[in-house]
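A.B. asks: Given next are the chains, with one letter for each unit.
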Amino acid sequence: MAAITSLGESGLSEPAARPRAIQGRRRRRLNLFRYLVFTVSGLFFLLPLLATARFSLEGNRLGTWSLSAWKEIVTYKGPPPLLSAVEIQLELVVLTCVGVLVLLVPTMVWIRLRVQWISRVFEFLCLLPLTIPAIVLVVGLAPVYNFIRRSQLSTLELFWAYVILALPYAYRALSAGLTAIDVTTMSEAARSLGASWFTVITRVIVPNIRQAILNAMVLAAALVLGEFTIAYLLLYNNLPVTLFFISRSTPNASVIFSTSLASLLFAFGLLLILAYAGRRRHRGRG
Amino acid sequence: MAAVATTETGARPVRAGRRPSIPGWVGVVPFFAYVGVFLLLPTGIVITDALKNSSGGWQLSAIGDLGNPLVRGYFIGSLKLCVITSVGGAVFGAILAYAVACGNPDGAVRRLYLAVSGVLAQSGGITLAFAFQALLGPVGLLFHAGWFYNFPWGISLIYVYFQIPLMVLIFMPAIDGLKVQWREASENLGASAWQYWRHVGGPLLAPAFLGSTLLLFANALSAFATIEAWESQIAYTVPQQISTSLNSEVGLANVNYADVLALGMMIMVIVIMTGYALLQRRASRWLR
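These protein sequence lines are chains V and Z, in that order. Residues 5 to 290 (the working numbering) make up the first sequence, in order. Residues 454 to 741 (the working numbering) make up the second sequence, in order.
Treat the hints as calculated values from the structure; they're not laboratory data. Keep in mind that a hint or two might mislead.
[Claimed, not checked] Listed next, the in silico SDA-like pairs over lysine to any residue satisfying Cα-Cα at most 25 Å (straight line): (1) Z:533 x V:31; (2) Z:533 x V:135; (3) Z:632 x V:31; (4) Z:632 x V:81; (5) Z:632 x V:239; (6) Z:632 x V:38; (7) Z:632 x V:75; (8) Z:632 x V:70; (9) Z:533 x Z:632; (10) Z:533 x V:48; (11) Z:632 x V:34; (12) Z:632 x V:42; (13) Z:632 x V:39; (14) V:81 x V:280; (15) Z:505 x V:31; (16) V:81 x Z:685; (17) V:75 x V:90; (18) Z:505 x V:35; (19) Z:533 x V:186; (20) Z:632 x V:41; (21) Z:505 x V:48; (22) Z:632 x V:135; (23) Z:632 x Z:505; (24) Z:632 x Z:604; (25) Z:632 x V:33; (26) Z:632 x V:28; (27) Z:533 x Z:728; (28) V:75 x Z:649; (29) Z:505 x V:151.
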C-alpha cells in the first residue's frame, strides 16, 4: 500500500529522484520489520531458557533464590541416581565419537581411493538414518539388543545404536573435509614413499581434515547428550531418561531444571564453538 | 590409444605386486556389516514382523489394523500436530529467515542467528519440555497457561521452538538465491512490492518453501522425547502409542502392533521424503 502511494506522489516530474525515494522508504520499513521480528523471536527463544534458569535457582520457599539445585546435581541420591547417569552420558559421548570416526574415516578414504563406484550407495546408507525416525528404528533394534544383552548388560551398549544416529551428521562434516583436500594425490605420494595404509590415514589424511573431524565429533556429541527415545524404549537409564523419571516422581523438582539447563548449555557451548571456530578458520584460509 | 594401454598395463604389475590380495570391496566390509546389523536389519525386522501373524505365517491382515478407528486416531493426532507445527514453523521461520537475509551478509546478526539456529534446531528433547513447563506449566514463571496441556495447541507451541530454527537453516539458501537484479528489474518495469512477491519472488521460492515444510513435517512426525516429557499418561500420537505398546504388552490383540504402527510411520516418511526430493530438484532450477 505504502509502496503504491510513494510511487504515485513522486510523480513523473522528477524521474531521477524517484528510485532513491522508494529505496529510502522501503529501507526504513524493512528495518522496522526486521527489528520487530528480531525482538519477538528473541523473546520467544530466550524466555523458556530464562524460566528454566529461574526454576533451577529456586529456594525452598517459593520466590526465594538459592544455589541448592545446582549443588544437588552432585549429591542427588535418587532414585534413580543422577550423578552416575551424568557419568554414563559422558562416556557414551566419547564412545560414540570414537565409534563413528573409526567406522567412517577409513571407509571414506578407501572409497575415494579404490571403490568410487560404491560411493552413491554409501552416501545413501549414511543419510538413511535421517529419514528413519528413531522411534521406528528402536522397534527393530529391540530384537537385536535382546541378542546383545544375552552376554552382558551395560548402559554403554547404547553406543552401537548412537553411532547409527550420528552417521548422517558425521558423514556430511567429513565429506566436506575430504572434498577440500586431494586425497588421491596425498595418499599416492605417501604410499610411494613406503607408508602403510594405517600411516596414510593416521598421519597424512587425518591431520589434514582435523577441522572436519572436530565438526563431526561436536555434532555427534550434541546428538548423544540429548538422546532419549532409544535409551527409554530399550530400558536403559541414561541422563535424559533419569531426568524423565525424576520429573515423574517429583514434578518440578528443581534439580531437573538445573541438570537440564547444564546439559543444554553444554551442548549449546559445543555447537557455538563449532559454528564460530569453523568460520574463523575458513576465513583465515580464504 | 594402444600406447596408453601398454603403459597402463606395464605399470600395473608393480603396484599389484606390492599389495597382491586386497580387492577394493574388502575395505568397505566393516562399514556395510555395521550398517547391516544396526540399521538395515532393524528396518527389515519391522517390515517383516508387521507382515507376519503370531504363529510366523505371512499375512496382510495386520496392515488392515491401520484402518482400525482406534489406530487411525493416533495417526490423525500425529497428522494434526505435524500439520500445525510444520506450517506454523515454516511461515514464522521463513519470515525470520527473510529478516535475517535482508541484513548485511557478513554481519554479526546473521552469523549469530545462523549459529543459534543450528543449536536450537537440535534442542528438541525432554529438556525443552521442562523449559516450557517452567515457563507456562501449572506453576509457570510467566503465567499458568490453561491450554498448556491442550492437544494439539500446547504441544505445538513447544514443537515450534525447534521447527522455526530448522526452517531458518534450510530456507536461508533459497532466500539468498533471490537475485537483487530480479527485484531491480521488476521495479524498473514499475512493479509494486506486492506485484514483485506475487509474480517473481513468490513463485521462485514456492518449491523451496513447500519442500522445507515437508522436511519440518517429517521432523515433527519422528519427534518423541518432547511430547513424552510433556504428557506421558495419555498417548496422542503414533510414536507415543508405539512406546506404550513396546513397554506394556497388556491387552493387545496383536503382538505385532508396534511393528504395524512403525511400518505405517515408515510409509508416511517415505512418501514425504520423496515429495521433498522432487521439490528440491524443482527448487534448484532457479536458485543457484
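A.B. asks: If a hint holds in the structure, say so; if it does not, say that too.
C.D. replies: Cross-check of the supplied hints:
Restraint check: the Cα-Cα separation between residue 533 (chain Z) and residue 31 (chain V) comes to about 39 Å, which exceeds 25 Å; the hinted pair is violated. Restraint check for residue 533 (chain Z) and residue 135 (chain V): the C-alpha separation of about 20 Å stays at or below 25 Å, so the hint holds. With a C-alpha separation of about 17 Å, the suggested pair residue 632 (chain Z) and residue 31 (chain V) falls inside the 25 Å cut-off, and the hint holds. With a CA separation close to 60 Å, the supplied pair residue 632 (chain Z) and residue 81 (chain V) exceeds the 25 Å bound.
Between residue 632 (chain Z) and residue 239 (chain V) the alpha-carbon distance is near 52 Å, which puts this suggested pair outside the 25 Å criterion. The straight-line distance between the Cα atoms of residue 632 (chain Z) and residue 38 (chain V) is roughly 20 Å, inside the 25 Å bound, and the hint therefore holds. Distance check on the hinted pair: residue 632 (chain Z) and residue 75 (chain V) sit about 54 Å apart at the alpha-carbon level, beyond 25 Å; violated. Between residue 632 (chain Z) and residue 70 (chain V), the direct Cα distance comes to roughly 54 Å. Violation of the 25 Å bound is thereby established for this hinted pair.
Note on residue 533 (chain Z) and residue 632 (chain Z): the hinted pairing is violated, with a Cα-Cα distance of about 36 Å set against a maximum of 25 Å. Annotation: proposed proximity of residue 533 (chain Z) to residue 48 (chain V) holds, straight-line Cα distance about 23 Å (limit 25 Å). With a CA separation close to 17 Å, the supplied pair residue 632 (chain Z) and residue 34 (chain V) stays within the 25 Å bound. Taken as a hint, the residue 632 (chain Z) and residue 42 (chain V) pair is honoured in the structure, with Cα atoms around 24 Å apart against an allowance of 25 Å.
Distance hint between residue 632 (chain Z) and residue 39 (chain V) is fulfilled; the C-alpha atoms sit about 23 Å from each other, no more than 25 Å. A hinted pair counts as satisfied when its Cα atoms are at most 25 Å apart, and residue 81 (chain V) with residue 280 (chain V) does not qualify at roughly 38 Å. At roughly 64 Å between alpha-carbon atoms, residue 505 (chain Z) and residue 31 (chain V) are farther apart than 25 Å, so this suggested pair is violated. Under the criterion of a C-alpha separation no larger than 25 Å, the hint pairing residue 81 (chain V) with residue 685 (chain Z) is consistent with the structure, at around 24 Å.
Distance restraint check for residue 75 (chain V) and residue 90 (chain V): the Cα-Cα separation of roughly 14 Å lies within the 25 Å cut-off, and the hinted pair is therefore satisfied. At roughly 61 Å between alpha-carbon atoms, residue 505 (chain Z) and residue 35 (chain V) are farther apart than 25 Å, so this suggested pair is violated. For a cut-off of 25 Å, the pair hint linking residue 533 (chain Z) to residue 186 (chain V) is broken: about 49 Å separates their Cα positions. A threshold of 25 Å between alpha carbons decides the hint, and for residue 632 (chain Z) with residue 41 (chain V) the separation of about 23 Å falls inside it, so the pair holds.
Our distance criterion of 25 Å between C-alpha atoms is broken by residue 505 (chain Z) and residue 48 (chain V), whose separation comes to about 47 Å. A C-alpha spacing of about 32 Å is found between residue 632 (chain Z) and residue 135 (chain V), which places the hinted pair above 25 Å, so the restraint is violated. Between residue 632 (chain Z) and residue 505 (chain Z) the alpha-carbon distance is near 55 Å, which puts this suggested pair outside the 25 Å criterion. In summary, the hint linking residue 632 (chain Z) to residue 604 (chain Z) is not supported, as the alpha carbons are separated by about 42 Å, beyond the 25 Å threshold.
As the CA atoms of residue 632 (chain Z) and residue 33 (chain V) are separated by approximately 20 Å, the hinted pair is consistent with the 25 Å bound. With a C-alpha separation of about 20 Å, the suggested pairing of residue 632 (chain Z) with residue 28 (chain V) holds against the 25 Å cut-off. Taking the CA atoms of residue 533 (chain Z) and residue 728 (chain Z), the gap is near 19 Å; set against the 25 Å cutoff, the hint holds. Restraint check for residue 75 (chain V) and residue 649 (chain Z): not satisfied, since their Cα atoms lie roughly 58 Å apart, outside the 25 Å limit.
About 21 Å separates the Cα atoms of residue 505 (chain Z) and residue 151 (chain V), which keeps this hinted pair within 25 Å; it holds.
In this structure, the earlier hints numbered 1, 4, 5, 7, 8, 9, 14, 15, 18, 19, 21, 22, 23, 24 and 28 are contradicted, and the remaining ones agree with it.
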